[in-house]
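**Student:** Line by line, the protein sequences give chains A and B. By numbering that gives the first Met the number 0, the letter at position 494 of the first sequence is numbered 493, and the numbering carries on one by one without gaps. By numbering that gives the first Met the number 0, the letter at position 58 of the second sequence is numbered 57, and the numbering carries on one by one without gaps.
These are calculated hints, taken from the structure and not from any lab test. Only a predicted model underlies this, so the values are computations on that prediction, with no experimental measurement involved. Just to be clear, a hint being listed does not mean it is correct.
What the hints assert, rightly or not - Not the full set, but computed from the structure, chain B residues with beta-carbon under 8 Å of chain A: (1) 74; (2) 76; (3) 86; (4) 145; (5) 153; (6) 169; (7) 170; (8) 171; (9) 259; (10) 260; (11) 414.
All residues carry an ideal CB built from backbone N, CA and C; glycine is no exception.
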Amino acid sequence: MKDSVNHNSPFIPIESLLEPPRKRVTDLQELREKLASGNGPQFWRTLEEAAESEELHEYIEQEFPGLSGQIPQGVDRRSLLKVMGASLALAGAAACTKQPKELIVPYVRQPENIIPGMPLFYATAMPLHGYARGLLVESHLNRPTKVEGNPDHPASLGSTGIFEQGSILNLYDPDRSQTVLREGRISTYSEFTGLFSTAAQGITERKGEGLAILTGVTTSPTLISQMQALSTSNPAVKWYVHEPSVNPAMASAARKIAGKNAFVSYDLSKADVIVSLDADFLTNGPASVVYSKQFSARRAVEGGNKRNRYYAIECTQTVGGSIADHRFPVKSSQIAVVAYQLAKALGVNAPDAPGAAAPSWLNAVVQDLQGAKGRSVVIPGEFQPESVHLAAHAINAALGNIGQTVILYEGVEPEGTHSTEELVSDLNNGHVETLIILGPNPVYSAASTLNFKDAIRKARLVVRLGQMFDETSLFSHWHIPEAHYLETWSDSRAFDGTITIQQPLIEPLYGGKSAHEILSILIGKPDQTSHDAVKSYWQTQYKAADFQTFWQRSLHDGWVNVPKSGILNPSGSIALPVLPAADANAVEIVFRPDPTIGDGTWSNNGWLQELPKPQTKMTWDNVVLVSPKDAQAQHIAGADLVEVTVDGRTIKGPAWIAPGLPEGSFTITFGYGRSGSGRVGNEIGYNAYSIQNAAMPYVTTGTAKGTGVHYRIANTQETQTMAGRAPVRAADIAEFSEHPNFPTNEEEFKPLTQEENEYKPWPYTGYKWGMTIDLNVCTGCSACIIACQSENNIAVVGKDQVARGRHMHWIRVDRYYHGNLDNPEVYNQPIPCMHCEQAPCEVVCPVAATVHSNEGINEMVYNRCVGTRYCSNNCPYKVRRFNFYLFSDWNTQSLYGMRNPDVTVRSRGVMEKCSYCIQRIQENKIKTEKEGRTIRDGEVLTACQQVCPTNAITFGNLNDKKSKVAQLQALQRNYNLLDDLNTRPRTTYLGYVRNPNEALKG
Amino acid sequence: MANTENYIPTVEVVDPGPDRILGPGHDYETVTKRIAGVAYQPFKNSPKKWLVGAFISFVFVNIFMVAVSYLFLRGVGIWGINIPVAWGFAIINFVWWIGIGHAGTLISAILFLLKQDWRQSISRFSEAMTLFAVACAGMFPILHLGRPWLAYWLIPYPNSMWLWPQPRSPLEWDVFAVSTYATTSVVFWYVGLIPDLAAMRDAAPHLWQKRAYAILALGWRNSAIHWHRYQKAYLLLAGLATPLVLSVHTIVSFDFAIAQLPGWHTTIFPPYFVAGAVYSGFAMVLTLMIPLRRWYNMKDLVTLRHIDAASKLMLGVGLIVAYGYGMEAFFSWYSGDKYESFMYWNRITGPYGWSYAMLISCNIVIPQALWFERVRHNIVAVWLISIVINIGMWLERFVIVVTSLHRDFLPSSWGKYVGTQWDWATYAGTIGFFMLLIFLFVRTLPSISIFELREVVHHDKQLEPLVEETI
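This is chain A alone, in the form it adopts within the complex (with noise of 0.2 Å):
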């Protein structure tokens, strides 16, 4: 395995210095001529290290076709496969699941600030639909292993959602594309960019006719730069933009608002009263991580905070909805019918809206408003029609929020790009002889009325630079490996306009590429990196002589000191259009991204495909979203396979009967039904995007019915509701404010006093480590499921595992429905393990392999684990996860750079489950004595903790009293989950308080 050295790594087996080298090089004579040229390696240990060099690697792959896969230059999986096979028999032939032997030798000359064992983080950011999340990147020894939100960063905040946390295993798939492909057989960059250039220059005589690039949204000042280079040299090149869950309709609204560009965002801080129309905003969008928190900061019950009321008026229940303090179903079609007509109902002039007469309850979702002027907010959905926006800005305008708690930002996507239906009919026209297609998969995620597989043949160089092989690579002649994020120089920008630049923390594991090398090429730089590319743009833009301290400012900070997108202040009113006329009976299909695949970006993430969906705990599938009386009407039951038609066109999937969901709507999700994702994410769920239509994307009519046949569905969690138990304790804010204690107050629920409790507690006397979950903030977005995965070597099971209810997550969401089957209270709680501090796993291990510590955590010693399994079913509350096989991926080598060095991969046969992230718990131990110090409140975080987007999770020092989550516990609020049992749990929860509006009760 010599060859399979990662040359980050300070430790070089020392076979590799004294085997001789498996591959020689013979033509010693090309060698020397090409290190004479200087295009070689300018220092080399060994002459198979200057083999490996792209340059001769290159030259042997044009001599030899297909022979230089063999040179030692990392392995192909299937090679890899096969030794691993090989080997794994062999040791089992020893013994099970037996680690190699390793001989290591350490640096001669220690790397700067690179300690073994010590991670170093950098910021850098990640670019979501084009928008920055800013980020700090753990890495271990040069391999980035964890994703953190940047504190300092405004689109993060500290916090991150699910995409970001899975990204890192985007970056070590296996599947990725790895080498550069012509027509599907392997070729070289060089090759490429040879044969290009010439292109290009071609191109460019021609002033870039018949050029086209598509790109997937983007904010890049680099890439626009580029862009802007380019169509200087070539002003016929025109730019078309495919991003399948970024709604159109947003931008060309804000347009309208602004009269340019903008953005329109949103201050929850300052808002009594949200309304929603069909809008997902703690999950969806750029600024979503910053809504959460600010929306969930404004429903703290203590401290003198007015408590925010949110009305969610929407369709498919949304992770925002699923909080709500009231929730309307209304069918996806008649949300703009709802917008006018409260639009209306607050003195906008609207036109009439078509249908039905206003809701019952809209009167008093009216008062609310008008009583919370300046300090309430409409947020239109978004993948609501242009309509629903510009209503929601004329109301919000009508009550006087803008400038409070409605903002506009100058937008920082670029103007004059196109749509990708006129990209489809300029390749139709014959308009694109070369196009180039910049990361997103149109072939895959174009709506089916598009038929973009038909029209990509037409162009006559397509030229794809992709992360994956996928669809659209199998129709493009040139396939380039995308580097990662992690990989590559860019910069990108967020919401309000803040700029990160991206530092790589990473080489390009397969060689992969950027965009801005590609455009470069176009651009007549063909060497150009993207750091020279991002750099030289930079130095564009900051010209004073510090440019250096600017630079690494920058990086350090991961945000550019210079000024934020300019606030717009639009005056003047907006005509609403009239709305078109629509049956409200119709059958309504409704098209959203996948809540965890999102459009089928994440569809190979092994990560993100298991973890359940928060509002169907669905794994591994796509569902179709039935309401209750749908599927009573049509006998569907859960499960059963569901066909959707829309003109003509039919997909099959199975039904998931959702409470909530208003009658005749079915929703469906992009994301999956893919053949060229990978092995993870093929051939999975069905392909929404081969029934949609791309003039009505997001919502259509057409009609759904069941089969009858079953399909074997893997879900987390079988039964919806509490079943007459009260592990979520809620009130309203009347009896809140009555009884504090509601969670605590009933007699069934009075905790156990000390006299009950037969054993004096424990005096502890360091550290007491505990921790509370605020169920009043939990949304149930599932980040911190992610964010746990990877920071503890989560191993991933499969659907059929997961369907026979094995899989692994530390902690999962509970989600419990209550009261009417069509529109029901929905009730989120996450779970760790308790570290109970009477924990019933302890006493029946019979190796003594769960223990409790001296600082209360309740550890998992894998080592001592033989697997009798007795743990988990006297575990009252489920959380440990067993090694039913070897589930951790032992043999697929890229996996290895994203483990958590400090978190053991765990072996088959062993019980695993939360250690309150102990690994962070020892290494600020380990810190703060070598500082003669405790441990400060708020220093260790756990991963869930961190990653949190509302701050419902707080992990701290019980012994500490001024500690916060001390004071959280001795908040009244604060209960235990099954007190009952006498387990003295150390993570508590904190009661659910609604806060409905008096004029809708009853």
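The hints should help you fit chain B onto chain A, whose structure is shown.
**Tutor:** Just chain B, lined up with the frame of chain A:
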């Protein structure tokens, strides 16, 4: 070869009915010949039924080997267990086999101490059955481990890790309970065999048989001192084994009762488990003994008297078990505990309601037929009922393990459990293993105690004049 003819029964085989434990016309020699003759038979003269039975058992042993190999290769994931139902067939089968393993020691030790003379012709066989059942049972806790190669960590031994097992865990108590029971059962069984082995040695038709039995007989010379010491040792062992009959299943029940799971956390478990074990043990003895006495023409050695007594005992113990079920149900209501009452309601009406209904009919309803003498004296009926009880007792463990685990405290983590083909293969495999051992035992060792039956002959002889006098 020729010698074996001597062992063809010379006495007419007659079942003497429900009052006598030995058929008429037997003397010391006929008893010996009859019992030893089965073991002396050359292999090729084995009855067809024996060959077929042994072959089928052997096939199942092979299925077992395949299932276990695959288990070791892949892990316990091949079974149906999951979270929340982390224990499945392995534990159900373990408890089931251990239960079956109760009859032998009970018959040999407790009935010996209670001077129940009818035990003599079935004690040896039941003891062997006990051993084989315990062997099957003993495999399961090891197979069930996630890392079976580390099973020895449950044994307290001085080690460089300075680690001892965790004494508060009932699984640790199991290690001692089961291993003690197994050891004592082996010793008890073997000690009881010694005089018979000597008799086999003395009467063996072939030299190699003589030698083999001689080694096993440990130099028994039938001297009075031998007999004196033997009887003392046997009495002591019986005294030692008696509390073990109670303790093993009590401790096995602690695996459940100590846990706080609704449906497990019950004080009734120890007596109820012991009763259940005796119940299933007797059922298994009857299940095996009835065909055996038919195939080997031993109706005069294992008589209706035995079957009748065992049936009555079964009926009585079955009522204790029924009382256990009743108390479980009563306390789930009387405790007022919402988890307990839900558990019982779910047990009856939940997704595994069928198993509870079957359990009640198998273990309580159907065996009530044994109240009737006509049923007890109908060998086929008794045999069928014994099989029904075996199934019922397996279901009892299934109900306890699965229905309690699958829905415990938090509704969010409720799940379901279905045994996979590998679960069934392992279970069926151990039955095959058990049967093969029984078949081999019957063919190589005296399956009925020779010397004890001779005592019966002696006893009868002394009684006869008395009986005649009374008449």
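**Student:** Next step is simple, just say for each hint if it's right about the structure.
**Tutor:** Okay, the hints, checked on the actual structure:
no. : hint : in the structure
1   : 74   : holds (5 Å)
2   : 76   : holds (3 Å)
3   : 86   : holds (6 Å)
4   : 145  : holds (2 Å)
5   : 153  : holds (5 Å)
6   : 169  : holds (7 Å)
7   : 170  : holds (4 Å)
8   : 171  : holds (4 Å)
9   : 259  : holds (5 Å)
10  : 260  : holds (6 Å)
11  : 414  : holds (4 Å)
When each numbered hint is compared with the structure, no violation occurs for any of them.
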